[in-house]
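S.K.: Below are the chains, spelled out letter by letter.
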Amino acid sequence: MRRGKNRLDALLTAEAVRGIEESGQELPAAEQIELTVATSELMVEERILQRANLLAAEADVAASLSRVRRLARNLSYAAIALFTLLGALASMQAFAHTSAQVNFYWLLFILLGINLASLIAWVVGLWLSKRAGSGAGNALGQASSFLLKKLVAGMGRQRAADPIVASAWLGVMLDGRIGRWSLSRLSHTLWSGYLIGGLVMILLLFATRQYNFVWETTLLDDRSFVHLTQLLAVLPDQVGFSTPDIDQITGSRLGADAGALASARKNWASLLIASLLLYGIVPRLLLLALSSALLSHALRNARLQLSRPYYVRLRQRIMPVATPLGVVDPDEEAPHALAPPRMPGDVLPIPAGAYWLGIELGPQEPWPFPEIATRYDLGNINDRASQHQATAAVKALGGSPLVLAVSLQRSPDRGLGRIISQLVAAHPRSVWLVLLESTINTMGSASERDARLCDWYALAENCGIEADRITQRVLVATDPRHRAGNG
Amino acid sequence: MADTAIKTAVVGHANAGKTSLMRTLLRDVRFGSVSNHPGTTRHVEGGALMVNGEPIIDLYDTPGLEDSMGLLEVLEEIRPGEPLDGIERLRYFLGHLDAYPLYQQEAKVIRQLLHSDLFFYVIDCREPILGKYRDEIKVLAFAAKPVIPILNFVAAGSAQTAVWREHLARQGLHAAVEFDTVVFSFEGEKRLYQKVQSLLEERYDQVQRLIDDRQQRAQMSWQAGTRCIAELLVDVGAYRLEAPSEQVDMQQELALLQKTARKAEARCVKSLLQLFRFSADHLDAAQLPVAGGRWQADLFDPANLKQFGVKAGSAAMKGAAAGAGIDLLTGGLSLGLATALGAAAGVLLGGGRRFGRDISARVRGFHYLCIEDATLQVLWHRQIQLLTALLDRGHAAQQPLQLSASSRALPASWERWLTLIRSNSHWSRLPKNSGYGDPDREKLIREIADDITASNGEQARR
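One line per chain: the protein sequences are R and D, in this order.
If you use our numbering, the first sequence corresponds to residues 473 to 959, in order.
If you use our numbering, the second sequence corresponds to residues 7 to 468, in order.
To be clear, the hints were calculated from the coordinates, so they are not data collected in a lab.
Check before you lean on any hint, since a few could be wrong.
[Said to hold, decoys possible] Far from chain R by the CB rule (all over 12 Å, computed), these chain D residues:
#1 N42
#2 D73
#3 P89
#4 P134
#5 K438
[Claimed, not checked] Sample of chain R residues lacking proximity to chain D, with all beta carbon distances greater than 10 Å (derived):
#6 G496
#7 S512
#8 E513
#9 L671
#10 R737
#11 L778
#12 Y783
#13 I822
#14 P873
#15 G887
#16 E938
[Stated by the list, open to error] Simulated coverage check for chain D against chain R, where a stretch passes if three residues somewhere in it have a Cβ under 8 Å from a Cβ of chain R:
#17 28-35
#18 45-53
#19 137-146
Positions of the beta carbon are idealized from the N, C-alpha and C atoms, including for glycine.
Work the whole structure out from these sequences, hints included.
M.R.: Here it is in structure tokens:
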């Protein structure tokens, strides 16, 4: 129980801190505490509880919590007192209209009938709440939360945190399994009070006044009453209470005389008290013990509901998914000083009789495209071998103009830069660059395309190709198999 | 628990999405810098994947292998006199770096390759298989380390995933994983870690802890997201303002009501962004229709009704029949409950337990102003769309979030929820986001949250 209580305190504190922070109140120490907590060895829930515990001191949660607790405890004491009084009044009422003759079964019904009805209501409520998967939505829960709210609101000298702490307390105590068993415990306590109040009053009346017990019926058979009474007496008999025998029972029929005998009186009274104890109070106390045990079990195993948005966000901070390792191998070179590209004024036309060379063209830019005659096609550089071959071919060109074709799809990396530089260096005259773009556009947005164009202009300039010798060409995509068939 | 972290280098060609992969795995939109320019990352930067404070995998982002063709040539031409294997060749290269001033960046990659237990080879699947990529694989093979090829941009229209897979298989790389860093799926991330498990058998349990943790977190983020939406619906739906009924001009109250609803939505949006680790100030207006934690289109903009296919008709017509709700369409607000007829409009009251009290409001001479049904529908659709979009969004995504304008169906229990919400005005935590945890409110919130999961479950499970 001790562990359950500590656990409950921790949960309540965490929920109270949640309420405070969710209502928009900033707790200044939070950041520092989170840093401390984030380096601890604890698992996530423990970290949250620890953080809440440290923060609670700041918002004076503990004082509010004990105030709310005291209030709740006083409220339940008052309710128990009320129920005990009600029980006493109810049994007094049952005796009020009778002079010296008491109807045994009517009395029994008044004392145990209401108790039985509430017991049935409890069982049904339990079954319903289990099926609905949530805590008590029942009348007792509603009433107690309503009362507590009103009391907290009406409490003199109340602190800012009080209503929030009260709502956290209600949220924990009325929710889920804790709620189910704490309300069950309260309910059994109240009805035990009712029954004990009734019993005490009866003992008082029996001690000071004399009653004759009778039973009466209009519809039912006499024998069934005798039978019922005997059945009722089985358990009290075994426990050691004296109970009326058959003669005394039949003699107590309204109008018979035997009921007035002192021994019969005593036995009837004994049966009444035994019934109240064994069929009312003892089962209630057993259920009370069971509820208490289940409640402390629920408290021991209580978890924060970590899927709440607040806790998910908190977890991200105090139990990070990743930590930076920093830069381990810094860039020591000065960044490549790519000159900002000059945009061309007028593009120089590609002269007739120019030789064409593709660089890293893929299936979307089938090479060579139709207007290039075979004798002007220097091929497509795609690997080291074709690069060496093409460089040799370019060297052999002499003064003929050279056009390099690249795809706008390719990102202008240093590898491409190196190839283009080597080609430009191998060729004595100016080189043209054609940027190919397929109609199967995969460049994404227009701004991405512009950025890519810019990068290409910068790279070309860096490789010694002037901006006025760079053009763009759109290739209309055709079926590559069809092209291959045409040769 | 004393296992050391698995050192993993993230390598690949320029612009293949190495830094994007880091961002997505680290759930950190601020890691490194991402752009379409080649050579954006020029240093080696690391981040550790943590579980309960324990580093599981140390990831190192490397510069791109921009000139793999040249590098391979250099490596193959190393002839120190004795035969060298791959690793010795790489060591020799690093030892004689002064001779290769052009390959400083490549040297950084090779250094990481030699230091790591494993590497992720990121491939842009939109690219054809060019010579430089073949050379890249050859260079990486020199390091003789376990490698997981990661096929990035598989969700793009031009992705040639099958071609790449076949090519990789021919090179003996069979452990390829499809993992799009822009279009995120938790299932893809899980498969990546499972490949790590199969390649590094002795680290199986260590990686399993990572998978379990990420799975749990993904589930919790989703649940928290559904809860945010459910709470928003309850808070805004149950919120109402009192106004004296003889008052003709209620502009002030209407404005206050709208402001409160907007603030509540902004709070929800911010919360959703945070749950999925997108912070509002790092998403600029172009990327999401959510700017600074708020939607750009105002909640009360009539255009919203059209975009989300909300039929304003039903509630409005009923309101008009009741002689109330003139502001329905223009203001997105409803004046209900002024009369018992207002209640019949179905906009405000479901004839619940609190009917008596509301009648008394009439006697006392009050109007209740509350957010209108159609506005609640817009609110609902917007948050659901945001939630599902965030679930699929990689932390490297740069493109604007696409929101479909198609009309979506309301949940089957919508009417019942609203009836409950409208008749329990004390359930609202507005305007201060505080209030008592009523067990019945809690029950409804769980029901709504579960319903969101059920109707978007397929997506949530991915």
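S.K.: Now look at each hint and say whether the structure bears it out.
M.R.: Evaluated hints:
no., hint, result
1, N42, "violated (6 Å)"
2, D73, "violated (4 Å)"
3, P89, "holds (22 Å)"
4, P134, "violated (3 Å)"
5, K438, "violated (6 Å)"
6, G496, "violated (6 Å)"
7, S512, "violated (8 Å)"
8, E513, "violated (7 Å)"
9, L671, "holds (34 Å)"
10, R737, "holds (50 Å)"
11, L778, "violated (6 Å)"
12, Y783, "violated (8 Å)"
13, I822, "holds (25 Å)"
14, P873, "holds (26 Å)"
15, G887, "violated (4 Å)"
16, E938, "holds (22 Å)"
17, 28-35, "holds (count 4)"
18, 45-53, "holds (count 7)"
19, 137-146, "holds (count 4)"
Of the numbered hints listed earlier, those contradicted by the structure are 1, 2, 4, 5, 6, 7, 8, 11, 12 and 15.
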